[in-house]
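The chain contents come next:
Protein chains: 4
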Amino acid sequence: MAEQTLRDLLRAFAAEREWEQFHTPANLAKSISIESAELLECFQWSEEGDGERVKEELADVLTYAYFLADRIGSTPESLIREKLKKTAEKYPIELARGKSAKYDQL
Amino acid sequence: MAEQTLRDLLRAFAAEREWEQFHTPANLAKSISIESAELLECFQWSEEGDGERVKEELADVLTYAYFLADRIGSTPESLIREKLKKTAEKYPIELARGKSAKYDQL
Amino acid sequence: MAEQTLRDLLRAFAAEREWEQFHTPANLAKSISIESAELLECFQWSEEGDGERVKEELADVLTYAYFLADRIGSTPESLIREKLKKTAEKYPIELARGKSAKYDQL
Amino acid sequence: MAEQTLRDLLRAFAAEREWEQFHTPANLAKSISIESAELLECFQWSEEGDGERVKEELADVLTYAYFLADRIGSTPESLIREKLKKTAEKYPIELARGKSAKYDQL
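Chains as they are written, first to last, in the working numbering: chain A, 13 to 118; chain B, 13 to 118; chain C, 13 to 118; chain D, 13 to 118.
None of these hints come from the bench; they were simulated from the model.
Each statement offered as a hint is correct.
The calculated lysine-lysine pairs, modelled on BS3-like cross-linking and capped at a C-alpha distance of 27 angstroms, are:
(1) Lys114/B to Lys102/C
(2) Lys98/A to Lys114/D
(3) Lys114/A to Lys114/D
Construct the complete structure from the given sequences, taking the supplied hints into account.
In structure tokens:
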């Protein structure tokens with residue numbers, strides 16, 4: 013139920029500002045990349061990122077990702093769950109344990 | 013409750029594979045950028061992305077974003093809600109309506 | 013002279029394939045981001061990237077960056093030189109020495 | 013010869029500021045991604061980017077790419093030329109003409 017409400021909050025936020033016109037899938041994909049890089053910037057020269065800024069940049073990535081999920085008629089939760097099943101098959105526990113290698117190199 | 017359960021699912025997925033050691037904030041930030049670019053690739057030469065691939069790449073972005081939210085002791089929902097309040101202040105409805113300009117150029 | 017020749021090589025490469033139509037500034041900017049992320053992937057879980065792959069991915073970034081420089085009527089060398097002057101002013105040697113901080117935090 | 017001189021200029025710029033310590037391949041790869049996203053931001057909501065800002069952001073991408081090329085003992089020109097040969101083989105003129113499809117879908 014919480015997610016339903018957040019979706020409505022985001023929809024209202026965009027609708028009030030008449031921003032749906034800008035939220036094409038292509039523009040949202042660009043926006044996610046842009047915000048991801050701002051998140052990455054927290055770790056540009058060091059492994060330690062400033063906590064408060066990390067939160068804000070991650071929030072921006074998530075916000076656009078939620079908008080895109082909604083735009084393509086899905087939800088973050090269902091997208092993640094569906095993909096996780098496929099990833100679990102590509103990375104069987106016995107093979108993948110303790111390794112960061114790609115599935116085709118396990 | 014749904015989100016709680018998804019968090020546990022993701023935690024178990026990483027724990028079974030002993031992948032927590034790789035999931036430092038810096039590595040997760042890199043991973044989010046990498047997956048965002050794969051999402052962007054769906055729109056590299058055209059405004060229309062292949063629906064099925066968009067879903068998968070967006071799922072990858074979201075999955076790493078959820079891992080990072082959990083790693084820094086937060087949740088996607090609280091991060092988004094908190095940031096949305098700030099964004100709403102930077103983009104008052106009257107000023108921002110129908111415009112894609114940055115807040116400092118409104 | 014070397015750069016002139018490389019520019020012609022790249023122009024011919026695109027012209028033969030009739031790819032100029034795809035090389036709008038916006039598409040090239042997306043392509044640079046996409047290839048940058050493939051370069052970043054070499055360092056996703058480790059500080060050490062595979063040398064051969066790093067070369068190839070960096071080459072892809074550079075190729076699209078050269079295409080974009082040409083598309084906007086400039087050259088990589090003049091763009092870099094011009095920007096370097098500005099950066100030198102923002103980061104005076106005495107202030108910036110040995111620090112990775114942003115100029116507004118020096 | 014021009015490129016040789018630019019390389020020396022960049023080396024001196026970093027050396028004077030004692031920044032070589034920050035210019036590990038991994039950090040430079042992150043920096044290229046970060047600057048690429050700032051370039052992409054010029055085209056976030058529109059196909060038309062502001063010309064002056066595009067130049068500056070592209071210059072930043074190129075500068076870090078040049079630093080990385082030098083760091084791995086190569087030059088932008090040789091990297092591009094070498095890769096272009098491989099790309100030409102993957103995209104034969106007859107097959108690729110007028111198409112933006114990936115080589116494995118031609």
